[in-house]
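Engineer: So you can see what is in the structure, the chains are spelled out below.
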Amino acid sequence: MAVTVLVAYLGTVLWTFRVSLTSSRTFASDKFIGAAQYTRLFDNERWMLSLHNLAIYGLLFILACIVIGFLLAVFIDQNVVGEGMLRTVFLYPYAMSFVATGLVWQWLLTPGTGIDSVVQKLGFPDFSFDWIVDQDMAIYTVVIATVWQFSGLVMALMLAGLRGIDGDIWKAARLDGIPVWRVYLAIVLPMMKATVATVFLLLATTVAKLFDVVVAMTGGGPGTASEVPAKFIMDHLFLRSNIGLASAGAVMLLIPVIALLAPYAYARSRRSRA
Amino acid sequence: MKRETIIAPPLALAGAPVRARRRGLSPARIGIYLFLLSAALFFLLPLYVMLVTSLKSMEEIRLGNILALPFDLTFEPWRQAWSEVCTGAACEGIRGGFWNSVAITVPSTILPILIGAINGYALSFWRPRGANALFGILLAGAFIPVQVMIYPLVRLLAGAGIFGSLPAIVLVHLVFGMPVMTLLFRNYYAGLPQELFHAARIDGGGFWRIFLHVVLPLSTPIAIVAAIMQVTGVWNDYILGLVFAGRDNLPMTVQLNNVINTTTGTRLYNVNMAATILTAAVPLAIYFFSGRWFVRGIAAGAVKG
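As you go down the protein sequences, you meet chains Y and H in turn. Here our numbering is used: position 176 in the first sequence is 176, and no number is missing along the way. Here our numbering is used: position 305 in the second sequence is 579, and no number is missing along the way.
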């Protein structure tokens, strides 16, 4: 059973790699042209823009999710009333599809009817919040929507991490008179290294896969302003019939994922051997 | 005096731990609640706006405020979203997509769970040679961006003559669901007592007999977690449905995106939002009714990986 999966996984990845070395356009070709598709890929303005976008997006998304998720977890961990309800509220976006998330935020951010018109009607007629149609800002709206969707998940994982920490630490810290925020930053957070690493890995692989939200929210626009690699690959596979170039892009997308997974896998195998 | 004594006990009960009560409503406590409350409002805002928008007439949306409650409550947008709105060429509402999603989700939940259970069972009790390497690659598979595998899979399925059909999309969901399903079941079975398995072997049970009579009956809790994960995952999928399902089986998410992003004429925001809620309803309902299992599922899938 698992052998078929091996073929499906390893086989397809190798197949894509092989295609990326050929001159395939609409149809697959067996004519090998070496790394030419990769050279062409990195000469492609749209690809470079999509990498640039993904870098900005990934950095902000991961940072914001971890900071907000950790803050939510810490605040919820203060013996608050209605903890269960708050957790439910923070996590429900994660149950929604990327498409639904993208569409809701598209509606909220539509200039003229969305949040910006609310603020205008509150008595700030000059206020404008039109990032979603702004070439330079569109990618940030994708950050807002996905952080909204994912930070609850980070909260849930962080909260589990916090609850797993020995209560004696708190007693000791209180005896020493260390302020609470310092205990969290200097003692608790370093103790949650494993949780943070897991969260980071989860978020990072989500970044590499970023596709649905962009399609639903901005369609990669305005123009190509919020283009991302996954969408570039899909467009060249199915709309622009350039299979070779798309495969080269797909292989490039695989590299950061492997780079992230390798140390993780290494740590795991060392741990299990010890 | 009297009123105070009536109110006091429930208040005291609400802040159960003594530590919390002693702090009372210090500035720090007020700050904590202010932060949590504003965060909760931010998280609820999209849900609220979706709901009120879907209950307004277009006229009210144009003139009014996106945050205002509906002045003239109407369910017409919901009716249109369900049975009239255009999802591309056809204008029969997204109910077709709903049933497509059901048709895709049911087998795409049952099959991966069954196969994941068998894989997990084989990996944790029988430990065939090379099981660890196999498992490692399988796990890595959970992180590979689908774009890397899409073209070969399209060619393979086209070669098998089933590209763009219900079996194709189910098969693809099986392939992509297997890593996490296997992981879930393997971790769960690893926690079961090995003696149980040894006893069954001494009694002469074979691979399938032990699986059916000993292991499977013990699997209910993890199967529930797996089902929740798989149903929400498959239901929320967009990219696989878009590529593999074929025109007649497009899932709800794909149709929803068509509804909203291929606009001819004026945009019916109220109908759009009703359609979005309808699409999100199934996973949201699962989440609200099974919250703790849902969290356990994502925690098991994420943390132990």
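Since the hints were made in silico from the structure, they are not lab data. Be careful, since some hints might not be right.
Which residues of chain Y face chain H? A partial, calculated answer using Cβ under 8 Å [unchecked claim]:
id: 1; residue: Leu-6
id: 2; residue: Thr-88
id: 3; residue: Phe-98
id: 4; residue: Ser-117
id: 5; residue: Gln-120
id: 6; residue: Gly-152
id: 7; residue: Leu-153
id: 8; residue: Val-207
id: 9; residue: Val-215
id: 10; residue: Gly-219
id: 11; residue: Pro-222
id: 12; residue: Gly-223
id: 13; residue: Leu-237
id: 14; residue: Leu-239
Residues of chain Y clear of chain H, computed beta-carbon distances all greater than 12 Å [stated by the list, open to error]:
id: 15; residue: Trp-15
id: 16; residue: Lys-31
id: 17; residue: Pro-190
As the structure is a computational prediction, the values presented were derived from the model and not from experiment. Cβ coordinates follow ideal geometry from the N, Cα and C atoms, glycine included.
Engineer: Taking the hints in turn, state whether each one holds.
Structural biologist: Against the structure, the hints come out as follows:
Checking Y/Leu-6 against chain H by beta carbon gives a least distance of about 6 Å; that is within 8 Å, so the hint holds. At a threshold of 8 Å, the smallest CB-CB gap from Y/Thr-88 to chain H is about 6 Å, leaving the interface hint in force. Interface hint status for Y/Phe-98: upheld, as the beta-carbon distance to the closest one in chain H is roughly 6 Å, under 8 Å. Taken as an interface hint, Y/Ser-117 checks out: its beta carbon lies about 7 Å from the nearest beta carbon of chain H, inside 8 Å.
A cut of 8 Å between beta carbons decides the hint on Y/Gln-120: the least distance to chain H is about 10 Å, and the hint is violated. At its closest, the beta carbon of Y/Gly-152 sits 7 Å from a beta carbon of chain H; the interface hint therefore holds under the 8 Å criterion. The beta carbon of Y/Leu-153 is positioned within 8 Å of a beta carbon in chain H (closest approach about 7 Å), and the interface hint is therefore held. Look at Y/Val-207: its Cβ only gets to about 10 Å from chain H, farther than 8 Å, so that hint breaks.
Interface restraint check: Y/Val-215 against chain H, minimum CB-CB distance 7 Å, threshold 8 Å, status holds. Checking Y/Gly-219 against chain H by beta carbon gives a least distance of about 6 Å; that is within 8 Å, so the hint holds. Because the smallest distance between the Cβ of Y/Pro-222 and any Cβ of chain H comes to about 14 Å, over 8 Å, the interface hint for this residue is violated. Evaluation of the Y/Gly-223 hint against chain H yields a violated restraint, the C-beta minimum of about 16 Å exceeding 8 Å.
Contact between Y/Leu-237 and chain H, as hinted, is supported at the beta carbon level, the nearest pair being about 6 Å apart and thus within 8 Å. A hinted interface residue such as Y/Leu-239 counts as satisfied when its beta carbon comes closer than 8 Å to some beta carbon of chain H; here the least separation is about 12 Å, so the hint is violated. Its closest Cβ contact with chain H, about 4 Å, brings Y/Trp-15 to no more than 12 Å, contrary to its assignment away from the interface. The claim that Y/Lys-31 is not at the interface with chain H holds, since no C-beta of that chain comes within 12 Å of its own (minimum 17 Å).
At the 12 Å boundary, the C-beta of Y/Pro-190 stays outside the reach of chain H, the nearest C-beta of that chain being 18 Å off.
Consistency note: the structure conflicts with the earlier hints numbered 5, 8, 11, 12, 14, 15.
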